[in-house]
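S.K.: full-length UniProt numbering puts the sequence shown at residues 1 to 467.
One should not assume that every hint holds.
Stated by the list, open to error - Using 25 Å as the maximum straight-line C-alpha spacing, the simulated BS3-like pairs for lysine-lysine come out as follows:
(1) 289 - 388
(2) 98 - 127
(3) 388 - 424
(4) 71 - 98
(5) 181 - 139
(6) 434 - 388
(7) 71 - 434
(8) 98 - 181
(9) 388 - 71
I should point out that these hints are in silico values taken from the structure, not numbers from a laboratory. This structure is a prediction, so every number in the text was calculated from the model and none was measured.
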Amino acid sequence: MGTSAVADREAMLAALTQMETLQAQMNSLSIDAFTPLELLDLQQRRETLAWLQPVLDHTIYQRLRAESAPKELGASSYTKVLAARLRISEAEAFRRLKNAELLGPRTALTGEPMPPALPNVAAAQAKGQIGPEHVSEIKSFFRTLPHSVDFQAREAAETDLARHASTLGADGFTAVADRLKYLLDQDGTFTDTDRQARRGLRLGRQRPDGTVPFSGYLTPEAAATWEAVKAKLAAPGMCNPADDTPQVDGEPDPEHAARDTRTQSQRDHDAFLAAGRAVLASGDLGQHKGLPATIIIRTELKDLEKAAGHGLTAGGTLIPMRDVIRMASHAYLWLALFDGKGVPLHLGRTRRTASPGQRIVLLAQHRGCTAPGCTADGYHSEVHHANKDWKDGGNTDVTDLTLACGPDNRMVETTGWTTRNRPKDGVTEWIPPKALDCGQSRTNPYHHPDRILAPDEPDDDPPGDDP
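Sequences and hints are given; from them, build the entire structure.
M.R.: Right, dumping it as structure tokens:
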């Protein structure tokens with residue numbers, strides 16, 4: 001490391017200290033003497049400073065990836081490194097890293113410096129002329145641009161986008177970007193590659209009323225398949241939950257069909273449900289992570305007896321108790337009952353792998369990945385030896401096990417994270433390596449609404465230097 005680099009390092013740290021001091025000073029000053037016009041001028045200057053902030057961010061993230069490996073820093077990916085250390089979402093961390101790839105400095109395999117992938121956009125950002133909304137729209141533009149658009153046209157489009165983004169507001173720029181995309185592909189030459197890249201279905205987060213938003217794009221083949229299914233199951237009179245015995249076979253009686261007051265979208269929903277039930281009941285899906293592919297619901301005995309409250313699926317969906325009772329009549333449901341304290345039975349095992357019974361208890365107790373901040377549900381989690389790994393002499397007793405998604409499970413093996421189940425309540429704690437320890441939470445309340453509403457109490461005897 002040369003003398004100049006060392007001097008720059010010290011100057012950077014000194015400048016950062018000055019910025020922190022100045023920001024604290026500005027936050028404490030009064031703005032009462034400013035006129036409305038002056039306030040707008042003030043905020044515009046501050047907005048430009050905020051737009052300049054990512055320029056150094058890109059350099060830092062690119063250097064970080066060039067000089068290290070994520071496992072050296074205690075995580076399986078740089079996305080997880082940033083999310084843990086900066087306490088931001090993984091989606092935000094991914095966005096920042098992707099922006100750095102496109103707008104930050106690059107290095108060739110031979111070691112020579114290269115310009116950013118979007119050089120004109122990067123130059124405009126370095127002048128404080130474009131903001132995060134402009135950058136997001138530009139990324140979307142190239143992500144959805146048909147593959148048939150050649151390299152020269154893409155280069156010209158990048159120049160045009162940077163020019164317009166430097167002068168237009170976010171809404172106006174979006175309109176111009178949409179028009180430019182149309183001009184580049186007036187014949188609509190979207191290929192199968194484009195369609196396959198866009199395909200996808202997404203279940204959103206459950207809303208307060210219990211419903212779950214559903215969105216996505218189907219390929220032509222998938223759409224044709226669903227059209228055939230719903231032509232049968234979504235016909236008037238079919239799969240109607242208002243009927244004592246919903247009809248799923250044959251043709252409905254015309255008079256019965258005429259009394260069906262559901263909308264088309266409601267019939268489509270009920271057809272989707274009926275198709276899913278049929279697949280689960282058939283048994284054709286086999287096993288998933290050691291258990292039959294089925295619905296697993298956790299509830300407490302007192303709620304079941306009162307027919308009140310709700311059950312919680314291994315996928316994290318809350319289901320009203322009346323629906324749990326109705327679903328329990330189907331052969332494809334597994335129901336796990338707990339006492340009022342939520343304490344599972346002790347299930348011991350002398351083998352490395354957990355038994356199906358132990359997995360049921362773990363799904364019901366932990367409900368999903370126990371790593372702090374992880375939202376992976378029980379269906380997408382694996383059994384993990386929390387207190388001591390099997391190869392190190394650990395036990396495969398249910399009190400020594402927990403749940404972790406695949407990436408977090410592997411993270412313990414390779415990045416210096418450790419786990420343990422607290423003796424007093426069985427809650428799993430994740431202790432980070434030093435590089436990622438910023439005093440963050442050791443537990444994950446996401447799957448436990450009761451713990452979200454009450455502060456987590458650390459165990460009386462924390463391990464090592466765990467605060």
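S.K.: Decide, hint by hint, whether the structure agrees.
M.R.: Comparing the hints with the structure gives:
no.: 1; hint: 289 - 388; in the structure: 21 Å, holds
no.: 2; hint: 98 - 127; in the structure: 20 Å, holds
no.: 3; hint: 388 - 424; in the structure: 17 Å, holds
no.: 4; hint: 71 - 98; in the structure: 19 Å, holds
no.: 5; hint: 181 - 139; in the structure: 13 Å, holds
no.: 6; hint: 434 - 388; in the structure: 20 Å, holds
no.: 7; hint: 71 - 434; in the structure: 12 Å, holds
no.: 8; hint: 98 - 181; in the structure: 22 Å, holds
no.: 9; hint: 388 - 71; in the structure: 21 Å, holds
Of the numbered hints given earlier, the model fails none.
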